[in-house]
Amino acid sequence: MKTLKIEVPDQLAKEIEGLVQAGWFANEAEITRLALAEFVHGHRFELQEQFQRDDILWALSLKDAKR
Amino acid sequence: MVYSELVGLDPFWREEKPTWVNLAALDVSSAKASLHWIRAGLLDPGEAQALALALQVKADWFLTDDAAARLVAQQQELEVHGSVGVILWGAATGHFLRSEAEKSLEALSRSSLWISSRILEEAKTALRQIFS
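For the protein sequence lines, the chains are C and L, in the order given. Using the numbering used here, you'd call the opening residue of the first sequence number 1 and step up by one each time. Using the numbering used here, you'd call the opening residue of the second sequence number 68 and step up by one each time.
There's no promise every hint is true.
[What the hints assert, rightly or not] Dumping the calculated DSS-like pairs for lysine-lysine here, alpha-carbon to alpha-carbon at most 30 angstroms:
| # | chain 1 | residue 1 | chain 2 | residue 2 |
| --- | --- | --- | --- | --- |
| 1 | C | K2 | L | K99 |
| 2 | C | K14 | L | K191 |
| 3 | L | K191 | C | K2 |
| 4 | L | K125 | C | K5 |
| 5 | C | K63 | L | K99 |
| 6 | L | K170 | C | K63 |
| 7 | L | K170 | L | K191 |
| 8 | L | K99 | L | K125 |
| 9 | L | K84 | L | K170 |
| 10 | L | K125 | L | K84 |
| 11 | C | K5 | L | K99 |
| 12 | L | K84 | L | K99 |
| 13 | C | K2 | C | K14 |
Hint data in this document are derived by calculation from the structure and do not stem from the laboratory.
Same shape as in the complex, but just chain L:
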């Protein structure tokens, strides 16, 4: 489901899928778990299947910007982070230069992700602290 959503958004994912992206199918019990979350009205199919897969493969992190998915994932004791967290993590751990991190935050604020001006300012302040 997640893959079909990606391909639907941008054919790049079908034509030039990065080699580090592995496609995996849900086993029966994971598929059942995802169906429960969907039927209960808690999660959309994409989020439900992604979460079920993260639990199935015992992922170190589950990355999502969906509040409901994050809440359910945390209840399942997964470590969860969103886009803001990934950018700041990259900066804090030396994977991003300051200019790259700032550019990514700006791009994020112009994307379809909901981020308040208050949080954007806090994230920028955090970047300044990280690179001070």
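Same shape as in the complex, but just chain C:
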């Protein structure tokens, strides 16, 4: 698994710490993983569209490269 090192604003860090201390999450990493997973699920269609558009541009660049 890849390890990400991220910086968050102090206020957000405090809130995260509070959630862990209150027992809602085992640790800060668990919150981050959940937040990322939520983001991916919540933006699935936008991401899908973006990726499909990336592929279209990729194929067009291959055609241009052949010229």
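Got chain C; can you put chain L on it based on the hints?
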């Protein structure tokens, strides 16, 4: 997992598996990596195992239409493409005739893959450009 999903969808994969399809098992560390993605709620088992295998065999490309799998694969520095990309790649590199590519795009739009009418139109425009 991916193979069992395929066989579950269509027995063709058990009875007439194409010779170019190779089945491979995950080694221990790859299996562990896939388990992490599943447990973290990022990927479903099929996508997680396919991605772990792609990393294990150092695949040139990882092909998926799953947005989450593509995101994670790109973070792992794999080159990733989806069905739209494969069809247009085939057209751009001379593997598909125009009629074949157009037919494949149409079939894709009628499949279970989510593709917006906007993207479908962009893909058709790209095909016209490729064959112009």
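Hints, verified against the model:
1. C:K2 to L:K99: 12 angstroms, holds
2. C:K14 to L:K191: 50 angstroms, violated
3. L:K191 to C:K2: 37 angstroms, violated
4. L:K125 to C:K5: Holds, because 25 angstroms separates the two Cα atoms, which is no more than 30 angstroms.
5. C:K63 to L:K99: The hint is violated at about 40 angstroms.
6. L:K170 to C:K63: This hinted pair holds, its Cα atoms lying about 20 angstroms apart.
7. L:K170 to L:K191: 11 angstroms, holds
8. L:K99 to L:K125: 17 angstroms, holds
9. L:K84 to L:K170: Holds, at roughly 24 angstroms.
10. L:K125 to L:K84: 23 angstroms, holds
11. C:K5 to L:K99: 21 angstroms, holds
12. L:K84 to L:K99: Given that 30 angstroms is the threshold and the Cα spacing comes to 28 angstroms, the pair holds.
13. C:K2 to C:K14: 25 angstroms, holds
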